[in-house]
Amino acid sequence: MNPELGRYHARLRNLARSCLDIKEKHNGAQDGMYVLTTESGTYYQTFCDMTTAGGGWTLVASVHENNINGKCSLGDRWSSQQGNDRNLPEGDETWANTVTFGSAEASTSDDYKNPGYYDISAKDVSVWHVPNKEQLKSWTSSAVLRYHTESQFLKEHGGNLYHLFKKYPVKFGAGQCKSDMGPSSPVVYDTGDKDGPSVGKSSFVTFRVFNADQAAMAMCSGHKPTECNSQHYCIGGGGFFPDPQQCGDFTSQEQAFKALTQSSVLLFYR
Amino acid sequence: MNPELGRYHARLRNLARSCLDIKEKHNGAQDGMYVLTTESGTYYQTFCDMTTAGGGWTLVASVHENNINGKCSLGDRWSSQQGNDRNLPEGDETWANTVTFGSAEASTSDDYKNPGYYDISAKDVSVWHVPNKEQLKSWTSSAVLRYHTESQFLKEHGGNLYHLFKKYPVKFGAGQCKSDMGPSSPVVYDTGDKDGPSVGKSSFVTFRVFNADQAAMAMCSGHKPTECNSQHYCIGGGGFFPDPQQCGDFTSQEQAFKALTQSSVLLFYR
Amino acid sequence: MNPELGRYHARLRNLARSCLDIKEKHNGAQDGMYVLTTESGTYYQTFCDMTTAGGGWTLVASVHENNINGKCSLGDRWSSQQGNDRNLPEGDETWANTVTFGSAEASTSDDYKNPGYYDISAKDVSVWHVPNKEQLKSWTSSAVLRYHTESQFLKEHGGNLYHLFKKYPVKFGAGQCKSDMGPSSPVVYDTGDKDGPSVGKSSFVTFRVFNADQAAMAMCSGHKPTECNSQHYCIGGGGFFPDPQQCGDFTSQEQAFKALTQSSVLLFYR
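Chains as they are written, first to last, in our numbering: chain A, 1094 to 1363; chain B, 1094 to 1363; chain C, 1094 to 1363.
Treat the hints with care, as some may be off.
Identical chains share a label here; the pair holds if one copy fits it or two copies do between them.
As a list, the in silico EDC-like pairs of lysine to aspartate or glutamate whose alpha-carbon atoms are at most 16 Å apart [as the list claims (entries may be wrong)]:
1. Lys1317 to Glu1186
2. Lys1259 to Glu1227
3. Lys1164 to Asp1178
4. Lys1260 to Glu1186
5. Lys1226 to Glu1186
Keep in mind the hints are simulated off the structure, nothing from the lab.
In isolation and in its complexed conformation, chain A is listed as follows (with noise of 0.2 Å):
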């Protein structure tokens, strides 16, 4: 191999840490797959976006739906893969570890999460519903929908999802409907809008919510609940669900639009 990783103290060195750190040292930088590190050093591949409002986005994370009739069953990693079970409100934990799975080139077919979820210390998030097993490729030219934060909301939280749902689990009966909201930021729309695919009650992506149930979902996309009904336009979950057919990456087989059903969701810090 190279000098430095023929020799035997092969360590990772001067690698970005996120796409953006890539972004102003080089503006021309381009979308694509790049490798980054995380401060411990381990490092991995993933996509970066160069384009959206200025560029600079690092893909982290992938939520797709396998089978919508499983309820917390295999591949509902955003919730839990271990059956609804009240004896695990906090399902499989993962919004709030450093568990990684998948690729970024299978993001639209599979769950997807690599160590800059946790590791990257980020402002905004950009968020992209693909319609599933989009080839690469073709993510942009096929999004339903696509938005980003310009509020800087993260700061306050940690710096990323990994803080924010340490900060706010993801936990049955950690807070009531309404009362117990998490963070919530407006956003801007890339693809797509408030009146589109988005239903757009209102143009914000909330995270940590509750329904009546005391059930915890994770992340409403494109909304700030107003009602206690959550489960039909938010994704991931607790690892508990009162109403045993929510249990699941996507809570409800009635999501407002079936576009959005079929997609992955795509997630990006900047």
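Put chains B and C on the given structure of chain A with help from the hints.
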């Protein structure tokens, strides 16, 4: 790390897309592990067979039966891990998606699929049946059956099995026995032969067949089915088998030869 | 990428096989993440402890209990994920195969096993019990128990746990309590001690034991069992326990100390 990766524009450049690319540039290249890249720039490691019939074969996948009594349960990634389910006629869809798993070195102890499976543009396949748990250095000597095609049949089907199975879905009820058989190619034996462990009613490899129950199977190693009991010698499948005993990566416990049942099926492209 | 990798013969050369190799060549090497390679040329990243007792320890695995109520269910990779099953006396066979999973950085939040587990030729083991979810930079300070062997016992058993467990299968019914205990070695404590969280009936680590029911367990941390109730302080196991409550990576909910039950067991070689 190296000067390029050490800078902040750490994109991987100029890696080979396949073992054949390497062999064509370096005729003396030996069997072993190599780093390859996809068109999008995802790099990965796999084993190259640089010997058989001129070499240039890339290991892209393996089918391993972890529990012959598990019926479409955990570990049955090439059929379904969700249980035998009429609502999931395509099961986990592994034959036709970009999800990857496992490692080359463990491909006789677990299922394996790397990005080459969907990325490489190939003409032929090579198939090795290697006893479970054999270590990489013993694969060639311990294989109970090895054969390859020379018909270049993949050229007509998109250049790899990913595209072939998009055209011929491994899906319960999508066709009938005999009338809807997928592509078939004659094979050349490298280890074993048609009178040996391969049963050898005919010397073919056939993809996507249906049995009398309309259950779909992905690959019939060494065979072109003439009867409708393909579950006895084909592997992989959709997510529903009317006879639930057949659901799994290895559809039958009574496969023609025990040595094959206790082997992993390694798939190579060239 | 670099000149070498950028060419079409991208094989990784001259990487170290273990953290000890690195330490011996570079005495000043620090704790952290390094790139290693197997004999076959598979490279991987892991954590090196370059400090304890002279350093040179390679992290090769961790055993993490994701759900103490799950009985040989999803996540129980070090026993069985297939349910308590008399037909699977060896369970997933993780202790004696080459399957790998997880990542070093997530080894306190999920099971971990890298190629070093089966590839490195070692003499001794070091074991850290680190509270679940602790981040890598806090492992040393937060560990509730750390110890290592100095007896070089692995030399007699093939140089690593992979070979040791090939010789002493973690298999229900393969032996009897007391008479068929596997290898044992005295230990030296680095954090905690025999009167501390280690219970310390004796200061040993013992591999492959059976309880009164002939159920097999893989590793008894800090112990040399003298009774036949090893399920109370041993971890890992085969795929069948006559008392189904014991089936799982952590065999008992009533392990001696709660601090240990809520910790992950990190395994190092030197």
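Hint check results:
1. Lys1317 to Glu1186: Neither: 23 Å inside a copy, 35 Å across copies.
2. Lys1259 to Glu1227: So lysine 1259 and glutamate 1227 pass the 16 Å test across copies only (13 Å; inside, 32 Å).
3. Lys1164 to Asp1178: Both: 11 Å inside a copy, 14 Å across copies.
4. Lys1260 to Glu1186: Classified as within: same-chain Cα gap 13 Å, cross-chain 37 Å, threshold 16 Å.
5. Lys1226 to Glu1186: between (26 Å within a copy, 10 Å between copies)
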